[in-house]
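Undergrad: Chains as they are written, first to last, in my numbering: chain B, 38 to 310; chain F, 207 to 411.
Hints are computed from structural coordinates only; laboratory data are not their basis. These numbers were taken from a predicted model, which means no experiment stands behind them. The C-beta atom is built at its ideal place from N, Cα and C for all residues, glycine as well. A couple of the hints might just be wrong.
Capping the alpha-carbon separation at 20 Å, the derived lysine to aspartate or glutamate pairs in EDC-like fashion look like this [claimed, not checked]:
{"hint": "1", "chain 1": "F", "residue 1": "K366", "chain 2": "F", "residue 2": "D301"}
{"hint": "2", "chain 1": "F", "residue 1": "K366", "chain 2": "F", "residue 2": "D337"}
{"hint": "3", "chain 1": "F", "residue 1": "K278", "chain 2": "F", "residue 2": "E258"}
{"hint": "4", "chain 1": "F", "residue 1": "K278", "chain 2": "F", "residue 2": "E409"}
{"hint": "5", "chain 1": "F", "residue 1": "K367", "chain 2": "F", "residue 2": "E384"}
{"hint": "6", "chain 1": "F", "residue 1": "K292", "chain 2": "F", "residue 2": "E384"}
{"hint": "7", "chain 1": "B", "residue 1": "K40", "chain 2": "F", "residue 2": "E409"}
{"hint": "8", "chain 1": "F", "residue 1": "K278", "chain 2": "B", "residue 2": "E69"}
{"hint": "9", "chain 1": "B", "residue 1": "K106", "chain 2": "F", "residue 2": "E384"}
Some but not every residue of chain F turned toward chain B, in silico, with C-beta under 8 Å [as the list claims (entries may be wrong)]:
{"hint": "10", "residue": "A218"}
{"hint": "11", "residue": "T219"}
{"hint": "12", "residue": "G222"}
{"hint": "13", "residue": "C223"}
{"hint": "14", "residue": "V228"}
{"hint": "15", "residue": "W260"}
{"hint": "16", "residue": "M271"}
{"hint": "17", "residue": "V280"}
{"hint": "18", "residue": "L283"}
{"hint": "19", "residue": "S291"}
{"hint": "20", "residue": "A304"}
{"hint": "21", "residue": "R354"}
{"hint": "22", "residue": "F358"}
{"hint": "23", "residue": "Y368"}
{"hint": "24", "residue": "V371"}
{"hint": "25", "residue": "W408"}
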Amino acid sequence: MLKEWPLVAFTILGQAAVGLFVIAATPFILIEDLPLSDQGIFMVLLGAVLGLLALAALVSFLHLHHPLKAIRALANIRNSWLSREIFFELSFMALITAELILVGAGAARGLLRIVHVSAGLAGLLFLLSMIKIYMLDTMPSWNQAATPLSFISTSLSLGALTAGIGSSSVFTFPAILLVFADLAISLFSAPGHGLLVRRTGAAIRPPGTLSRGLHSAGLGLEAAGLGLYAWIFLRDPDLLGTNALGAAVFSLILGGQVIRRFLFYGLAAKPGR
Amino acid sequence: MVTQYGFFFNAATCSGCKACQVACKDRNDLEPGVLWRRVYEVAGGGWEKKGEVWVPSVVAYNISMACNHCEKPVCGLACPVKAISKREDGIVFVDTGACIGCRYCEWACPYTALRFDARTNTVSKCNFCYDAIDAGGTPSCVASCPQRALDFGDMAELRKKYGDVRRIFPLPDPAQTEPALIIKPHRDAARAEERAAEVANWEEV
Numbered sequence: 038m039l040k041e042w043p044l045v046a047f048t049i050l051g052q053a054a055v056g057l058f059v060i061a062a063t064p065f066i067l068i069e070d071l072p073l074s075d076q077g078i079f080m081v082l083l084g085a086v087l088g089l090l091a092l093a094a095l096v097s098f099l100h101l102h103h104p105l106k107a108i109r110a111l112a113n114i115r116n117s118w119l120s121r122e123i124f125f126e127l128s129f130m131a132l133i134t135a136e137l138i139l140v141g142a143g144a145a146r147g148l149l150r151i152v153h154v155s156a157g158l159a160g161l162l163f164l165l166s167m168i169k170i171y172m173l174d175t176m177p178s179w180n181q182a183a184t185p186l187s188f189i190s191t192s193l194s195l196g197a198l199t200a201g202i203g204s205s206s207v208f209t210f211p212a213i214l215l216v217f218a219d220l221a222i223s224l225f226s227a228p229g230h231g232l233l234v235r236r237t238g239a240a241i242r243p244p245g246t247l248s249r250g251l252h253s254a255g256l257g258l259e260a261a262g263l264g265l266y267a268w269i270f271l272r273d274p275d276l277l278g279t280n281a282l283g284a285a286v287f288s289l290i291l292g293g294q295v296i297r298r299f300l301f302y303g304l305a306a307k308p309g310r
Numbered sequence: 207m208v209t210q211y212g213f214f215f216n217a218a219t220c221s222g223c224k225a226c227q228v229a230c231k232d233r234n235d236l237e238p239g240v241l242w243r244r245v246y247e248v249a250g251g252g253w254e255k256k257g258e259v260w261v262p263s264v265v266a267y268n269i270s271m272a273c274n275h276c277e278k279p280v281c282g283l284a285c286p287v288k289a290i291s292k293r294e295d296g297i298v299f300v301d302t303g304a305c306i307g308c309r310y311c312e313w314a315c316p317y318t319a320l321r322f323d324a325r326t327n328t329v330s331k332c333n334f335c336y337d338a339i340d341a342g343g344t345p346s347c348v349a350s351c352p353q354r355a356l357d358f359g360d361m362a363e364l365r366k367k368y369g370d371v372r373r374i375f376p377l378p379d380p381a382q383t384e385p386a387l388i389i390k391p392h393r394d395a396a397r398a399e400e401r402a403a404e405v406a407n408w409e410e411v
């Protein structure tokens, strides 16, 4: 389970990037006459999404045993969701880079919108590929609604949370709702742990490493972060932002999601060495 | 001409001696922990009450399993670098020179046939002893079985000889990959699921 840390980091960083782009960057492109000061924030936001994606790509190399041959990973786009995932991530990065350059060069809004929508589409296809990779007939513990639900909720909740804490309190309330939804999805449908999950039958695959204590710890951390977030929001939203309280909320929620993602990979024990 | 090689496994005859497993390891010089063929020990049951009498309801049998060189090899479809391919005679190959070691095929295969080899940092699996086959010989696992519980050949011939059963508890639905495998089930297999049988030797396989 712990050996899969590059995949845990890759999926969470990639999903957070998609969520941040869709939730936080899209409103900027809808505004007709964006003030110059907001243009700067928009560029920082696009840069942050690009940074998350670049970090995700770098970490994914650590999962490979022959990273120097990784360029060949685009060879099977016709059949392999893994090839498609890499293709869409690279496309997403390229289109965001193009958008950044166009914003910097003061390009027309119409052109920016076309590039932005294309980048968003590439991001959503990147997320879809990530989901499809794990929806395998051969892995009943992954091949269920919890996988797409949890990946999408991680994406949206972390995207809104990053935007809410890092830039604007406009995103705080949506972020609270999305983190709550993420918690509920995990509580009820997490494979192997969720309250509504049926036990999968015997298979010719070893049982995974499952720890109910760790699942509870993950839920507890995220719930604590959500509670703190809601308390600050109700008391004084200005307390948040890039200070210790904001960092504590972010760390607790992210920590909970990371623990649960490790458990997700723990469901797929690999036989042999 | 052979269009799809396959294995036949007689679960009713297999004694679980693991000679096939050892012969495969020996022939292919596999590292400890890397098993291209392995023997699953399926066990369950206990005692059940019939009227006033308690009778044993033990379920116990073995399944010798390698790569099933599936007609629909999902490992090859999943591989992002096309390192897994199928020969004209149906044998599924891993090109270790092309493999990047992402190990996605290990998840995709329902029979856990793909095994990570730490020497080469790539996945590896049963290659049907293709060099022996090409020379008119026999796969080492088949040749080594003292019970003659294993056989190999063209799937069309195997079906004529042994029928078309391809599933035994707890193997997955053959529709997933169309495995080139024919099985003669052990008599206990029909009751294995209801008696909550499980693979008893996970640490070994």
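Undergrad: Confirm or reject each hint.
TA: Each hint, compared with the structure:
Annotation: proposed proximity of K366(F) to D301(F) is violated, straight-line Cα distance about 33 Å (limit 20 Å). Taking the CA atoms of K366(F) and D337(F), the gap is near 26 Å; set against the 20 Å cutoff, the hint is violated. Distance restraint check for K278(F) and E258(F): the Cα-Cα separation of roughly 51 Å exceeds the 20 Å cut-off, and the hinted pair is therefore not satisfied. Pair hint K278(F) plus E409(F) does not hold up; C-alpha atoms about 29 Å apart against a cutoff of 20 Å.
With a C-alpha separation of about 19 Å, the suggested pairing of K367(F) with E384(F) holds against the 20 Å cut-off. Taken as a hint, the K292(F) and E384(F) pair is honoured in the structure, with Cα atoms around 14 Å apart against an allowance of 20 Å. Between K40(B) and E409(F), the direct Cα distance comes to roughly 18 Å. Compliance with the 20 Å bound is thereby established for this hinted pair. The suggested pairing of K278(F) with E69(B) is violated, with an alpha-carbon distance near 53 Å, which exceeds 20 Å.
At roughly 31 Å between alpha-carbon atoms, K106(B) and E384(F) are farther apart than 20 Å, so this suggested pair is violated. Interface restraint check: A218(F) against chain B, minimum CB-CB distance 19 Å, threshold 8 Å, status violated. Annotation: interface hint on T219(F) violated; nearest CB of chain B at approximately 20 Å, more than 8 Å. Nearest Cβ of chain B to the Cβ of G222(F): about 16 Å, over the 8 Å cut. The hint is violated.
A distance limit of 8 Å between C-beta atoms decides the matter here; for C223(F) the minimum to chain B is near 20 Å, and the interface restraint is violated. Below 8 Å, beta-carbon pairs count as interface contacts, and V228(F) has none with chain B, the closest being about 15 Å; its hint is therefore violated. Restraint check, W260(F) versus chain B: the minimum CB separation of about 25 Å is more than 8 Å; hint violated. For M271(F), the suggested interface contact is upheld, since its CB lies about 7 Å from the closest CB of chain B, less than 8 Å.
The interface hint given for V280(F) holds, since its Cβ lies 7 Å from the closest Cβ of chain B, which is under the 8 Å cut-off. Here the hint on L283(F) is kept, as its CB sits about 4 Å from the closest CB of chain B, short of 8 Å. Hint on S291(F) is violated. Least Cβ distance to chain B is approximately 11 Å, over the 8 Å limit. Hint on A304(F) holds. Least Cβ distance to chain B is approximately 7 Å, under the 8 Å limit.
For R354(F), the suggested interface contact is broken, since its CB lies about 23 Å from the closest CB of chain B, more than 8 Å. A distance limit of 8 Å between C-beta atoms decides the matter here; for F358(F) the minimum to chain B is near 20 Å, and the interface restraint is violated. Checking Y368(F) against chain B by beta carbon gives a least distance of about 21 Å; that is not within 8 Å, so the hint is violated. A distance limit of 8 Å between C-beta atoms decides the matter here; for V371(F) the minimum to chain B is near 16 Å, and the interface restraint is violated.
A hinted interface residue such as W408(F) counts as satisfied when its beta carbon comes closer than 8 Å to some beta carbon of chain B; here the least separation is about 5 Å, so the hint holds.
In this structure, the hints that do not hold are numbers 1, 2, 3, 4, 8, 9, 10, 11, 12, 13, 14, 15, 19, 21, 22, 23, 24, in rising order.
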